[in-house]
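Listed below are the residues making up each chain.
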Amino acid sequence: GEDVEQSLFLSVREGDSSVINCTYTDSSSTYLYWYKQEPGAGLQLLTYIFSNMDMKQDQRLTVLLNKKDKHLSLRIADTQTGDSAIYFCAERGNTGFQKLVFGTGTRLLVSP
Amino acid sequence: DTEVTQTPKHLVMGMTNKKSLKCEQHMGHRAMYWYKQKAKKPPELMFVYSYEKLSINESVPSRFSPECPNSSLLNLHLHALQPEDSALYLCASSQDGMNTEAFFGQGTRLTVV
Chain A
825 GEDVEQSLFL
835 SVREGDSSVI
845 NCTYTDSSST
855 YLYWYKQEPG
865 AGLQLLTYIF
875 SNMDMKQDQR
885 LTVLLNKKDK
895 HLSLRIADTQ
905 TGDSAIYFCA
915 ERGNTGFQKL
925 VFGTGTRLLV
935 SP
Chain B
409 DTEVTQTPKH
419 LVMGMTNKKS
429 LKCEQHMGHR
439 AMYWYKQKAK
449 KPPELMFVYS
459 YEKLSINESV
469 PSRFSPECPN
479 SSLLNLHLHA
489 LQPEDSALYL
499 CASSQDGMNT
509 EAFFGQGTRL
519 TVV
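The listed protein sequences derive, respectively, from chains A and B.
For the first sequence, my numbering begins at 825 and goes up steadily by one.
For the second sequence, my numbering begins at 409 and goes up steadily by one.
A hint or two may mislead.
[Said to hold, decoys possible] Below, simulated DSS-like cross-link-like pairs (lysine-lysine); rule was C-alpha separation at most 27 angstroms, straight line:
#1 A:Lys-923 - A:Lys-891
#2 A:Lys-860 - B:Lys-417
#3 B:Lys-448 - B:Lys-461
#4 A:Lys-923 - A:Lys-880
#5 A:Lys-891 - B:Lys-426
#6 A:Lys-923 - B:Lys-427
#7 A:Lys-860 - A:Lys-892
#8 B:Lys-461 - A:Lys-923
#9 A:Lys-894 - B:Lys-449
#10 A:Lys-880 - A:Lys-860
#11 A:Lys-860 - B:Lys-426
#12 B:Lys-427 - B:Lys-448
#13 B:Lys-449 - A:Lys-891
#14 A:Lys-923 - A:Lys-892
#15 A:Lys-923 - B:Lys-448
#16 B:Lys-417 - B:Lys-430
#17 B:Lys-448 - A:Lys-860
#18 B:Lys-446 - A:Lys-860
#19 A:Lys-894 - A:Lys-880
#20 A:Lys-894 - B:Lys-448
#21 B:Lys-448 - B:Lys-417
#22 B:Lys-449 - A:Lys-860
#23 A:Lys-860 - A:Lys-894
#24 B:Lys-461 - B:Lys-426
#25 B:Lys-461 - A:Lys-892
#26 B:Lys-427 - B:Lys-461
#27 B:Lys-449 - B:Lys-417
#28 B:Lys-449 - B:Lys-426
#29 B:Lys-417 - B:Lys-427
#30 A:Lys-880 - B:Lys-426
#31 A:Lys-891 - A:Lys-860
#32 B:Lys-430 - B:Lys-448
#33 B:Lys-430 - B:Lys-449
#34 B:Lys-449 - A:Lys-923
#35 B:Lys-461 - B:Lys-430
No lab work stands behind these hints, which were simulated from the structure alone.
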């Protein structure tokens with residue numbers, strides 16, 4: 825089966841960097857994603873990385889992928905209070921379609 | 409426009425009711441998805457439609473019946489649901505099955521009483 829694990833909670837101060845971690849088990853994953861979910865809302869795609877890459881930077885977001893350890897991380901630079909939300913990593917296997925398996929989610933709380 | 413629109417936003421229904429959830433996108437996407445998210449849990453895939461044909465059914469009970477009347481619309485018909493079916497139902501779309509990005513709607517929060 826596919827299990828995607830994340831730590832449950834992260835608390836940081838405004839202006840600090842946040843690092844959210846994710847471990848997955850499906851070595852055939854082709855793409856790995858980070859989604860943001862605010863309370864009562866849908867999912868917002870933040871960024872994604874192809875499995876043959878080890879890093880991707882997109883403005884304040886940096887994704888690191890260690891395929892050997894099946895470890896994915898999302899770094900948010902200069903974290904703002906508006907970044908407070910639940911962050912899900914997700915893996916997409918090689919079966920096609922956006923058949924995403926989501927991680928357990930990390931609640932990020934940014935305090936002023 | 410990267411918008412996926414779901415209606416209604418909230419729905420309360422009894423166990424004997426029949427209701428439908430609707431999802432619409434005008435991005436020209438040919439793959440559409442239903443996900444279910446229970447409270448404090450991650451979303452889980454229910455169905456995938458590709459070019460208006462059902463491609464994946466993740467062993468969903470028959471009380472959930474999807475329908476894709478055209479390439480822009482996706483419905484989820486609900487009948488004889490149970491209280492444990494209460495959840496946030498999320499629709500998503502992608503350009504096609506192999507495209508890298510899926511865009512999600514805001515969801516319909518369903519409560520079964």
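Structure-based check of all given hints:
1. A:Lys-923 - A:Lys-891: 20 angstroms, holds
2. A:Lys-860 - B:Lys-417: 19 angstroms, holds
3. B:Lys-448 - B:Lys-461: 31 angstroms, violated
4. A:Lys-923 - A:Lys-880: 22 angstroms, holds
5. A:Lys-891 - B:Lys-426: Judged against 27 angstroms, a Cα distance of about 46 angstroms means the pair is violated.
6. A:Lys-923 - B:Lys-427: 26 angstroms, holds
7. A:Lys-860 - A:Lys-892: Status holds; Cα separation ~26 angstroms.
8. B:Lys-461 - A:Lys-923: Cα-Cα ~16 angstroms, so holds.
9. A:Lys-894 - B:Lys-449: Between Lys-894 (chain A) and Lys-449 (chain B) the Cα gap is close to 22 angstroms, so the pair holds against 27 angstroms.
10. A:Lys-880 - A:Lys-860: Given pair Lys-880 (chain A), Lys-860 (chain A) holds - Cα atoms ~17 angstroms apart, limit 27 angstroms.
11. A:Lys-860 - B:Lys-426: Since the Cα atoms of Lys-860 (chain A) and Lys-426 (chain B) sit roughly 32 angstroms apart, the hinted pair is violated (cutoff 27 angstroms).
12. B:Lys-427 - B:Lys-448: Distance of about 25 angstroms is within 27 angstroms: holds.
13. B:Lys-449 - A:Lys-891: 25 angstroms, holds
14. A:Lys-923 - A:Lys-892: Measuring from Cα to Cα gives roughly 23 angstroms; hence the hint holds.
15. A:Lys-923 - B:Lys-448: 20 angstroms, holds
16. B:Lys-417 - B:Lys-430: Satisfied, since the Cα-Cα distance of roughly 10 angstroms is no more than 27 angstroms.
17. B:Lys-448 - A:Lys-860: 14 angstroms, holds
18. B:Lys-446 - A:Lys-860: It holds: about 16 angstroms lies between the C-alpha atoms, which stays within 27 angstroms.
19. A:Lys-894 - A:Lys-880: Satisfied, since the Cα-Cα distance of roughly 16 angstroms is no more than 27 angstroms.
20. A:Lys-894 - B:Lys-448: Cα-Cα ~24 angstroms, so holds.
21. B:Lys-448 - B:Lys-417: Holds. Lys-448 (chain B) to Lys-417 (chain B) sits at ~18 angstroms (cutoff 27 angstroms).
22. B:Lys-449 - A:Lys-860: Roughly 14 angstroms between the alpha carbons, so the hint for Lys-449 (chain B) and Lys-860 (chain A) holds.
23. A:Lys-860 - A:Lys-894: 21 angstroms, holds
24. B:Lys-461 - B:Lys-426: With Cα atoms ~23 angstroms apart, Lys-461 (chain B) and Lys-426 (chain B) stay inside 27 angstroms; holds.
25. B:Lys-461 - A:Lys-892: 37 angstroms, violated
26. B:Lys-427 - B:Lys-461: Given pair Lys-427 (chain B), Lys-461 (chain B) holds - Cα atoms ~22 angstroms apart, limit 27 angstroms.
27. B:Lys-449 - B:Lys-417: 19 angstroms, holds
28. B:Lys-449 - B:Lys-426: 26 angstroms, holds
29. B:Lys-417 - B:Lys-427: 13 angstroms, holds
30. A:Lys-880 - B:Lys-426: Distance of about 46 angstroms is beyond 27 angstroms: violated.
31. A:Lys-891 - A:Lys-860: 23 angstroms, holds
32. B:Lys-430 - B:Lys-448: This hinted pair holds, its Cα atoms lying about 24 angstroms apart.
33. B:Lys-430 - B:Lys-449: Measuring from Cα to Cα gives roughly 23 angstroms; hence the hint holds.
34. B:Lys-449 - A:Lys-923: 17 angstroms, holds
35. B:Lys-461 - B:Lys-430: With a Cα-Cα distance of about 17 angstroms, the restraint between Lys-461 (chain B) and Lys-430 (chain B) holds, given a limit of 27 angstroms.
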